[in-house]
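Peer 1: The lines below spell out each chain.
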Amino acid sequence: MSDVYVMGVDMIKFGRFPDRSVPNIGAEAALMALDDAGLGIQDMQALYCGNLGQASGMVGQRILQEIGQTGMPVVNVANACATGATAFREAWMSIKAGMYDVVLAVGVEQMGKGLLGGAGTGDGIPKEGLLGSGTMPCVFAEAGMEHAKEYGTTFEQFAKISVKNHHHSTMNPKAMYQIETPLDDVMNAEMISYPNTKLMCSVNVDGSAAAVLVSEKKARELGMARAVKVRASAMASDPYTDRDLVMPDVNACTRLAAKDAYEQAGIGPEDVNLVELHDCFATAEMLHYENLGLCKDGEAGKMIDEGHVELGGKVPVNVSGGLLSKGHPLGATGIANIYEICTHLRGEAGKRQVEGAKIGMTHVIGLGTACGIHILEKTS
Amino acid sequence: MSKPLPVVDYLKIPEKGEPYLEGYRCKKCGATYLGERNVCSKCFARDEMEVIRLSDKGTLHSFAIVYRSFPGIDVPYVSAIVDLEGGGTIKGNLINIEPDPDKIKFSMPVKVTFGDALGRKDKEGNSYLSYFFEPI
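Chains as they are written, first to last, in this note's numbering: chain A, 1 to 380; chain B, 1 to 136.
Read the hints as simulated data drawn from the structure, not as lab findings.
Remember, it's a predicted structure, so these values are computed and weren't measured experimentally.
Check the hints yourself; a few may be wrong.
Below are the DMTMM-like pairs computed for lysine to aspartate or glutamate, each with C-alpha atoms no more than 25 Å apart in a straight line [claimed, not checked]:
hint, chain 1, residue 1, chain 2, residue 2
1, B, Lys-12, B, Asp-56
2, A, Lys-358, A, Asp-260
3, B, Lys-28, A, Asp-260
4, B, Lys-42, A, Asp-249
5, A, Lys-229, A, Asp-3
6, A, Lys-149, B, Asp-56
7, A, Lys-198, B, Glu-98
8, A, Lys-302, B, Asp-102
Same shape as in the complex, but just chain A (with noise of 0.2 Å):
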């Protein structure tokens, strides 16, 4: 089987475009990753496109209405917040399985404002407030506390990775925000679910990303000094817990993927120079740490409290600014997160570059369960 490589991968801005189409902004970040590849949209041989909100409206398909309709396969796919990443992965599965040499995968969304989850009713009456909160900072806030319980782990060490984040987004221009948090007003922002706070949620933005994926022969052909190798794939739903009925487990749905992701790259936790993880919510980036083996179980708080976890630590987490600052497009987020480590594979960081990478690692979760990690690797 080939290797597969990132030849071209771009995300735009994220931020808030009301007036424009799901298609039109996913098309956008589509014409940069070509761009950056090099290429055309007549070069590609099928489109693997993620979107969650317009699932039945095949955004992929009218991406090429707006930049080029070749007739070339195209395969929309949801999958909650795992959504790109999953995109990703069946474009990356394509050259595998030699059926294409070159491919481009899409993630793109529209979103609104407020909360997630927790709105349906149903039959009946509404169960919001009544049966606890669906809402997603509740269900992350009580995956956090689970922790807690476990570890003692605290507010405030849950809030100091809102902090770090917020702080890695000033570095990076393509943020949503780009605002320093001090600890003292994350801890006092607006309590929206305890131990999540305003400043602790993820951000509800518009976005797209795109990667132009290629086989090793096309990689050579086209030149391999920009090249991000794919060292590893994997994908996992989440295998029976006792409390997954009532309370969705991120932890062994997590744990599976990386543990399959380190065997199909051949490497530890301890080769990985850089990390883009999913925290939809402070709570769910501290439980990360050790779901992909980062550090010991039961070590997440140190992790944040000695800076491991910072740019300059051991091993940066989201500098990007993560989705708490840079913003968390749904089905965008799992290849904008991509374009993050293959932007620090290349050199090509700017302030927040982490020195010397070589290998990197995303990571996502889509509640239902999804897992979606890639190990991505520097060629040259």
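Mind docking chain B on chain A? Use the hints.
Peer 2: Chain B in isolation, oriented as in the chain A frame:
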């Protein structure tokens, strides 16, 4: 006044006696589910489910204090995950406790109680019976 309806299908309101929560337990592996099912998603056994009456006692596994919810929903309230004695985990509101993280203790014993669903009615005007958790 007509009898209230159950808020979820696993809340049972018998003709006589107290309401209770019903579970389905796999006879092969012991996994406990809420709501009717035929196949065990833990051990994959088919047609091995038995209907059980879930305990009305348990311990607090995790919680969050909800300050921002949807319009019309009273806040703050405690969203709680409770492990029931003898198996089964359920989620609901923890009531009769101050919504203060210093007052709510992990693993604290709680009981499952039943009461009107905070005055909520469906389109036909039916009342509902819900379950809640209360500290013991």
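Peer 1: Straight-line Cα separation of Lys-42(B) and Asp-249(A) no greater than 25 Å?
Peer 2: OK: Lys-42(B) and Asp-249(A) at ~14 Å, within 25 Å.
Peer 1: Do the alpha carbons of Lys-28(B) and Asp-260(A) lie within 25 Å of each other, as the hint requires?
Peer 2: With a Cα-Cα distance of about 29 Å, the restraint between Lys-28(B) and Asp-260(A) is violated, given a limit of 25 Å.
Peer 1: Verify the proposed pairing of Lys-302(A) with Asp-102(B), using a straight-line Cα cut of 25 Å.
Peer 2: With Cα atoms ~22 Å apart, Lys-302(A) and Asp-102(B) stay inside 25 Å; holds.
Peer 1: Hint check: Lys-149(A) vs Asp-56(B), CA-CA at most 25 Å. Holds or violated?
Peer 2: holds (23 Å)
Peer 1: What's the verdict on Lys-229(A) and Asp-3(A), does the C-alpha distance respect the 25 Å limit or exceed it?
Peer 2: holds (7 Å)
Peer 1: Check the hint pairing Lys-12(B) with Asp-56(B) against an upper bound of 25 Å on the C-alpha distance.
Peer 2: holds (13 Å)
Peer 1: Holds or violated: are the alpha carbons of Lys-358(A) and Asp-260(A) at most 25 Å from each other?
Peer 2: With Cα atoms ~20 Å apart, Lys-358(A) and Asp-260(A) stay inside 25 Å; holds.
Peer 1: Just to be careful, I want the Cα atoms of Lys-198(A) and Glu-98(B) compared with a cutoff of 25 Å; is the pair within it?
Peer 2: With Cα atoms ~22 Å apart, Lys-198(A) and Glu-98(B) stay inside 25 Å; holds.
Hint check: a violation occurs at hint 3 only; the rest are consistent with the structure.
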